[in-house]
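Student: Chains A and B, in that order, are what the protein sequence lines are.
If you read the first sequence in my numbering, its first letter stands for residue 1, the second for the next number, and so on.
If you read the second sequence in my numbering, its first letter stands for residue 1, the second for the next number, and so on.
These aren't lab readings, by the way, just hints derived from the structure by calculation.
Fair warning: there could be bad hints in the mix.
Since the list gives no way to pick one copy over another, a pair counts as held whenever it fits inside one copy or between any two copies.
Stated by the list, open to error - The list that follows gives simulated cross-link-like pairs (lysine to aspartate or glutamate, EDC-like), each with its CA atoms no further than 16 Å apart:
1. LYS224 <-> ASP344
2. LYS189 <-> ASP202
3. LYS126 <-> ASP42
4. LYS316 <-> GLU332
5. LYS147 <-> GLU11
6. LYS339 <-> GLU220
7. LYS212 <-> GLU396
8. LYS212 <-> GLU332
9. LYS36 <-> GLU168
10. LYS290 <-> ASP317
11. LYS189 <-> ASP329
12. LYS147 <-> ASP285
13. LYS147 <-> GLU133
14. LYS126 <-> ASP106
15. LYS189 <-> ASP317
16. LYS189 <-> ASP285
17. LYS212 <-> ASP329
18. LYS307 <-> ASP211
19. LYS224 <-> GLU291
20. LYS36 <-> ASP287
Protein chains: 2
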Amino acid sequence: MAFSEFRTLDETTLLDYIISVPSLSSKLDHNLEDIKIKEVGDGNLNLVFIVIGSRGSFVIKQALPYVRSIGEAWPMTKERAYYEAAALKTHGRICPDHVPQVYHFDQTMSLIGMRYLEPPHIILRKGLVAGFEYPLLADDMSDYMSKTLFYTSLLYHSTTEHKRGVAEFCGNVELCRLTEQVVFSDPYKVSEYNRWTSPYLDADAEALREDKALKVEVAELKSKFCERAQALIHGDLHTSSVMVTRESTQVIDLEFAFYGPMGFDVGAFLGNLILAFFAQDGYADRDAYKEWILRTIQNTWELFHKKFVALWEQHKDGEGEAYVAAIYDNSEVQRLVQKRFMQDLFHDTLGFGAAKMIRRIVGVAHVEDFESIADAEKRAGCERRALELAKLLLKEKKRFRDIAQVVSAIQQIQ
Amino acid sequence: MAFSEFRTLDETTLLDYIISVPSLSSKLDHNLEDIKIKEVGDGNLNLVFIVIGSRGSFVIKQALPYVRSIGEAWPMTKERAYYEAAALKTHGRICPDHVPQVYHFDQTMSLIGMRYLEPPHIILRKGLVAGFEYPLLADDMSDYMSKTLFYTSLLYHSTTEHKRGVAEFCGNVELCRLTEQVVFSDPYKVSEYNRWTSPYLDADAEALREDKALKVEVAELKSKFCERAQALIHGDLHTSSVMVTRESTQVIDLEFAFYGPMGFDVGAFLGNLILAFFAQDGYADRDAYKEWILRTIQNTWELFHKKFVALWEQHKDGEGEAYVAAIYDNSEVQRLVQKRFMQDLFHDTLGFGAAKMIRRIVGVAHVEDFESIADAEKRAGCERRALELAKLLLKEKKRFRDIAQVVSAIQQIQ
């Protein structure tokens with residue numbers, strides 16, 4: 001019997017829990033004698049236990065009712081586990097190769113049991129800091145993003161199905177509000193949780209708070225984030241939400257999922273790759289690796305574009321209600337609407353990607369890419385160049401016509 | 001005791017119903033001897049009964065499970081009555097001067113009891129056909145639109161409150177789909193319900209189905225309609241959804257309400273005024289009246305703009321989460337974001353207004369403004385000029401910087 005009310009698990013009580021849940025104990029082939037349980041959560045929000053037995057393994061993720069990295073002073077609904085499980089299942093059905101399987105969900109305990117991503121899987125961000133190349137990364141991530149975003153949009157759904165999903169995920173509002181605060185608000189005002197590499201970036205952080213043109217662009221992005229239910233997005237698709245080996249790419253941590261703008265996911269991923277690029281100058285001898293990151297940025301967008309349009313072509317006579325086949329009825333008008341759609345999505349991607357970069361440099365949550373550069377002055381230099389690019393993308397996004405121009409802009413700034 | 005299951009009322013069974021519902025019979029001071037009941041519904045969707053006694057009166061609106069004007073071949077959920085009652089109550093709280101009071105709602109019977117808008121109230125469209133001037137119309141409609149749109153948006157709401165409303169009105173999806181079909185799809189393809197003043201407009205209707213640039217713009221508008229939950233909009237704010245006297249302006253028929261783009265409401269109203277303008281040449285001697293319509297178009301937008309921005313200023317330090325006061329913290333940046341917001345809303349208004357015009361000329365539901373012109377050739381001439389303007393607005397909306405330029409374009413075409 002599972003627990004009748006919520007309690008925060010530890011390595012001992014989790015064992016009792018597993019014994020009481022057949023869908024979990026069966027994963028260990030009911031052999032609980034030699035299992036090893038280890039708490040490894042290093043994110044901001046949750047407990048994560050790895051459970052390994054001689055005949056099976058899984059991960060237990062439990063949501064706590066506050067932001068773990070801040071403490072109980074920042075409460076955060078544990079109901080997010082429901083939305084994470086729902087999104088994992090939906091994205092998993094759409095893209096099983098890149099989403100870990102869910103074995104068990106317990107709403108009372110705010111707990112998900114799911115596939116353990118065995119070694120040598122590591123967090124992509126750690127791989128980027130270490131300088132590892134992942135030859136499948138662009139292909140796999142463009143696969144995940146094109147499929148999950150296409151198949152949960154009105155390009156594939158009827159309005160009826162779409163609004164049912166939108167209504168369900170409206171309930172994940174606390175996590176949306178967290179994003180609104182830390183991505184679209186705090187970096188542009190004085191906030192107790194903000195920090196940056198001081199004193200080097202003091203003037204840069206102040207400049208953000210004084211930049212009127214930037215604030216106009218950020219307001220428009222925030223409106224899109226809050227109002228535009230375009231697809232069931234991951235909602236937090238940075239490079240620590242991806243686990244990788246050279247042969248495998250797995251997307252995790254979907255608790256921020258809701259129906260939002262597609263560009264928020266694509267932008268989060270590309271923006272964090274750009275942060276990784278600018279951080280490389282803080283490490284030794286990374287010229288070749290920097291080239292690999294730039295190629296990965298370019299390939300990810302170009303493959304995403306190609307795959308997304310291919311899915312559109314494949315399903316253009318299907319149930320999707322955005323573009324009725326009888327109206328968009330020849331290849332020329334089809335090409336025109338696809339061009340407009342993809343161009344808008346590209347500009348959304350640049351805007352959201354830039355906003356995600358900025359918040360990682362002057363906001364509450366920083367990234368290991370820069371944090372691992374011990375020399376503060378050197379780190380500040382890397383961060384300042386990333387900030388410069390982000391401001392350019394945010395203010396001038398409509399001047400960029402393709403990803404190659406973005407890569408050129410990155411090269412010019414470094 | 002009210003009826004235990006849905007039944008379509010007639011003038012006889014309605015009397016039994018009223019007797020069983022205290023909130024209705026009390027409106028007649030329980031004097032049911034001399035009441036008069038008359039079915040007057042002339043819209044597309046519902047039964048409407050006027051109930052008048054010697055000591056009180058009300059209107060009963062009952063939703064039928066199909067589109068009344070088409071018949072049972074076009075089913076339509078009667079659950080729309082729930083959303084209409086909910087929207088009437090919300091808009092009524094926000095703007096009681098221009099929304100009739102709800103006395104009673106019965107979900108089982110899909111029935112709303114509400115204020116009877118006594119003579120000389122008439123449907124605005126009939127007044128426009130008759131050539132009556134309404135000196136308060138621009139002021140009152142700008143009042144209704146600015147208040148209902150502002151107070152149900154993220155300019156006033158927290159995200160939490162907003163998403164609760166969005167989720168609730170996602171349930172009104174069948175009515176949204178009806179709009180998607182008749183406004184954004186049918187006019188641009190061959191559809192059994194389409195009609196137009198044939199043979200005069202045959203080529204014009206065909207040209208719409210071949211206009212690739214127009215189809216790209218319509219697709220973008222449709223996406224906004226389906227995806228952008230900006231405010232609790234009326235959803236069908238044409239000139240037959242407004243009842244007027246010289247002293248009173250009352251907005252009715254809110255069954256299409258949902259969280260959608262603000263410009264859809266403002267555009268519907270202005271677009272239908274523009275249709276009224278172009279129809280005037282089908283009647284005798286209306287030069288002065290045409291000037292009044294143009295002034296009303298201009299005044300409505302300008303007053304709406306002024307009042308909306310004033311509400312924003314008034315509440316800029318409130319609970320609304322779109323523009324956090326600590327970021328938009330001085331009059332210059334406040335002016336910049338307001339300018340961007342209102343410009344985008346203006347362009348949305350022109351696009352949606354144009355789409356609403358087009359569908360009234362070549363789609364399923366036509367307007368009395370044109371239908372009352374008996375001479376088909378003359379009618380077609382009026383309709384063609386309206387179509388020409390609508391196409392211009394749809395394709396070139398971003399070239400228009402203010403409503404005066406729109407009025408000039410209208411004058412040039414006529």
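Student: Regarding LYS224 and ASP344, is the shortest C-alpha distance of 16 Å or less found within a copy, between copies, in both, or in neither?
Tutor: Both: 12 Å inside a chain and 13 Å across chains, each within 16 Å.
Student: Reference check for the pair LYS126 and ASP42, CA-CA at most 16 Å: within, between, both, or neither?
Tutor: within (12 Å within a copy, 68 Å between copies)
Student: Checking an output row: LYS147 and GLU11, CA cutoff 16 Å. Within, between, both or neither?
Tutor: For LYS147 and GLU11, neither the intra-copy (37 Å) nor the inter-copy (55 Å) Cα distance is at most 16 Å.
Student: For the identical chains here, do LYS212 and GLU332 meet the 16 Å Cα criterion within one copy, between copies, both, or neither?
Tutor: Close across copies (8 Å), not inside one copy (41 Å); limit 16 Å.
Student: Given a CA cutoff of 16 Å, do LYS189 and ASP202 count as a within-copy pair, a between-copy pair, both, or neither?
Tutor: Result: close within a single copy only, 13 Å intra versus 58 Å inter.
Student: Is it within, between, both, or neither for LYS212 and GLU396, if the alpha carbons may be no more than 16 Å apart?
Tutor: within (14 Å within a copy, 28 Å between copies)
Student: Is it within a copy, between copies, both, or neither that the alpha carbon of LYS290 lies no farther than 16 Å from that of ASP317?
Tutor: Answer is neither; intra-copy 42 Å and inter-copy 45 Å both fail.
Student: With identical chains, the pair LYS36 and GLU168 could be close in the same copy or across copies; at 16 Å between alpha carbons, which is it: within, between, both, or neither?
Tutor: neither (37 Å within a copy, 46 Å between copies)
Student: At 16 Å max between alpha carbons, let me know whether LYS224 reaches GLU291 within a copy, between copies, both or neither.
Tutor: For LYS224 and GLU291, neither the intra-copy (33 Å) nor the inter-copy (39 Å) Cα distance is at most 16 Å.
Student: Within a copy, between copies, both or neither: which one fits LYS126 and ASP106 at a CA-CA cutoff of 16 Å?
Tutor: neither (30 Å within a copy, 60 Å between copies)
Student: From the Cα coordinates, with 16 Å as the cut-off, is the pair LYS339 and GLU220 best called within, between, both, or neither?
Tutor: Close across copies (12 Å), not inside one copy (22 Å); limit 16 Å.
Student: Check LYS189 against ASP329 for me: Cα-Cα at most 16 Å, and say if that holds within a copy, between copies, both or neither.
Tutor: For LYS189 and ASP329, the Cα distance is within 16 Å only across copies (9 Å; inside one copy 49 Å).
In summary, the numbered hints that this structure violates are 5, 9, 10, 12, 13, 14, 16, 18, 19, 20.
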